[in-house]
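Undergrad: Chains as they are written, first to last, in the working numbering: chain R, 185 to 905; chain E, 13 to 77.
It should be emphasised that the hints constitute simulated quantities derived from the structure, not laboratory data. Check before you lean on any hint, since a few could be wrong.
Unchecked claim - Output of the computed footprint for chain E on chain R, the stretches with three or more beta carbons under 8 Å from beta carbons of chain E: (1) 478 to 485; (2) 703 to 712.
Unchecked claim - Pairs of lysine-lysine, DSS-like flavour, derived with a Cα cap of 30 Å: (3) 542(R) with 197(R); (4) 35(E) with 495(R); (5) 34(E) with 501(R); (6) 501(R) with 53(E); (7) 836(R) with 35(E).
Keep in mind that this is a model prediction, so the values were computed, not measured. Even glycine gets a Cβ: it sits at the ideal position worked out from N, Cα and C.
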Amino acid sequence: MPTAKELQAMKSKHNVLATFSYDKPKVDKGYANQTLYVNIESNEIKSKPVTQDMKDKFIGGRGFDLWLLWHAVNDDTRWDSPENEICIATGPIGGTTQYPGTGKSLVTTISPTTEQVIDSNVGGYFGPLLKFSGWDALEIQGKATEEIIIVIDGEESTVTIETAPEEPVDTHILSEILTDMYAEDEDDRRNVSVVSAGRGAEHALIGCLNFSLWDVRRGGIRVKQAGRGGIGSVFRNKKLKALVVRQPGVSGDSNNPADLNVIQKTGVKMHREICTEDHRQERMRTTGTPHLIEVMNAYDLLPVHNFQYGKHDDTPKITSDVWFKLFTQGIPDGCWYGCSMACAKTVENFELRTGPYKGEIVRVDGPEYETAAGVGSNCGIFDPAAILELNFYCDTYGVDTISWGTTVAFLMECYERGIINKEHTGGLELKFGNREASLELLHQVARGEGFGLIAGQGIRRIKKIFADKFGADINFLNDIGMENKGLEYSQYVSKESLAQQGGYALTNKGPQHDEAWLIFMDMVNNQIPTFEDKAEALHYFPLWRTWFGLNGLCKLPWNDVTPADNPETDEPNKVPEHVDNYVKLFNGVTGMNITREEIILQSKRVYDFQRVFNIRLGKGLRKFDAQPYRAAGPVTKEEYESRAERYDGQLKELVGFDPEGKSTEEKLAALRVYKEDQYEKLMDSVYKRRGWTENAVPKIETLKEIGIDYPEIVEVVKRHL
Amino acid sequence: MITVNGRNVDWESGLTVAGLIKKMNYIFPQIFVTINGDLIKKDDYDTTPVSDGDAVEIIHMIAGG
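Next comes chain R alone, as it looks inside the complex:
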């Protein structure tokens, strides 16, 4: 960390390109009622009003982001077009301090890997501090010609665009430097949040953004990631080095809610529930999301060796008891004030063994389940130290751990099957389990050299390179390359759950589990056996989960802890008491009077709008919902034979095909025909339930019914009817 003198010298090199002073509004019932527009090419900064229609139809958060982005781009805008924006917003409930999981920011842009809209939900303080600075959303447009930062100071009511030529790019250094640089004193550091990427995001298309928070108890910076879809790559492509927001004085009524009392009561009830139930349920407060490692392994759902398998004998080396010992305990680990779920775990005093920071002692934020499974089991790496090192470097380089894990797993399988060799990889032996190779490849991404330049492109582009340049069989690559819409799969094996196949691929942004996680309901509980049942689940749950993103909320307190009497309710999987909590929170903040059903309607508007947005960009139709076959069934002989009893049984019971005496190839082919047909039927059922055409286009009557039949939206839809 630089000295105060060095910091001052660094700041003295800043050149202020634009300054905007504004009248800071008092946040009223969860809204600042204006958004901030910053053009880093023309250096224009201005305020835009939030209309009542925006609030009624798009609520906030992801809804506001999408509405602003829609009006900023054109049909031909691509990820690196100047007019592409990065939009960041929390939502009306965002910034509440009385209920867990209420400090999220939603980030959208046109993605470099999916070439359509991506959205990502992230912790850290930025979104709430942005709102309390007077802005419901921030949209950044244009491309700077030199390295810049944007500074929003809510106390001074100013926004500046400044050159920042000397600050390093990597997050763990940059976020700390800028926090110290813009905080008035040590106590003020808690009032500053920094958004940054890293040097990896400069050379890769799977770049992420890191959102910081100052951890008072640890006396240092923490970061949470807006990981999916390459938003960090867009950020660096714009020559954005960082965003800084500073807003002192966050309090329990900063949202100026309509009914503080109901929010406090609802919060107290929830905190009590977490205190009494979490240690009996998922132990989020002590082990965070990695508690899922052993669970997924037990149900054959943990991705192993590029999703070929769902469990591994070495899994006990990375299960929750291991992480429990490594995580610091006894410190409230929320990523926003007042989160008693406290699942944002860290490993302190970790000594790096490789890379530019070799030998340094650092804090590692995580790993989350997705990271441990992605860079760990899916790559055959069952070494906690290697997982932590990959976690740290992905974060500080600004590389998404989920996409990195899935991409490296794919590359390792290609290597082991002889599709690529050392000549292609520059000498890297990319075998499953080779932690040194995975780390070196990541460092190559950050340095912008060697095979790292290919690895950082994401699976969709890599497949094309391997086919075009290395003569690989594109059909096989499409079967084993775990991406849909250009986004790499998150870390669950979906082969035995048709509903989850839809939960992954019948999505707006691509296979990220935050739209729907239906594996237990479908595969284990057998609660949704028919296509209609699955379609209903793929209607309700994606919409329910969308709502968190409209309001600046985290999904985890909804169902990663549940009331003791939840099993006695009529729909335990929906956790009715928590749904009612969210209705109370929304009404308590906004002063409105919505019902459970209106939550789904609010989400439906934004969800269908996002689908139309994708269609406008040349995506979004049925063919883009196709999944790689490995998401549905065994691609190779080894996969089939590893679970021969299961698949033989499916052939007999479901397909009506007698496997006796048949070769594995014959059985693979028969099972594939069946599974692919099932997925097509699922698509039909889901589109019908969603009020879409067979080509996945929202019908005009659906748009009318939900109240978003704006002329420009209808015009896009009409082209495909």
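Start from chain R and add chain E according to the hints.
TA: Here is chain E on its own, set in the frame of chain R:
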């Protein structure tokens, strides 16, 4: 023979709810159990017998992400 979540599972003498959960390798902590529609309390898993022919539901709450 019993059914667990609608699927046939071999029954064995002396089977309890706790034994059945172990047999199925259902280690996820957020589950609840009904036998022939009756909710079984967690504290009673060790002592509640599962009889031949029972329809058992072992419902896992949604998780993930």
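Undergrad: For the stretch 703 to 712 of chain R, count the residues whose Cβ lies under 8 Å from any Cβ of chain E; is that count three or more?
TA: holds (count 7)
Undergrad: Run the distance test for residue 836(R) versus residue 35(E): straight-line Cα separation, threshold 30 Å.
TA: 25 Å, holds
Undergrad: When you check the alpha-carbon spacing of residue 35(E) and residue 495(R), does it fall within 30 Å?
TA: Holds, at roughly 18 Å.
Undergrad: Between residue 542(R) and residue 197(R), does the CA-CA distance stay at or below 30 Å?
TA: 29 Å, holds
Undergrad: Taking only the CA atoms, is the gap from residue 34(E) to residue 501(R) under or equal to 30 Å?
TA: 22 Å, holds
Undergrad: Verify this for me: three or more residues of the stretch 478 to 485 of chain R with a beta carbon less than 8 Å from a beta carbon of chain E.
TA: Per the Cβ count (4), the hint holds.
Undergrad: Would you check the hint for residue 501(R) and residue 53(E), treating anything up to 30 Å between C-alpha atoms as holding?
TA: At roughly 33 Å apart (the allowed maximum being 30 Å), residue 53(E) and residue 501(R) break the hint.
The structure shown violates just one earlier hint, number 6.
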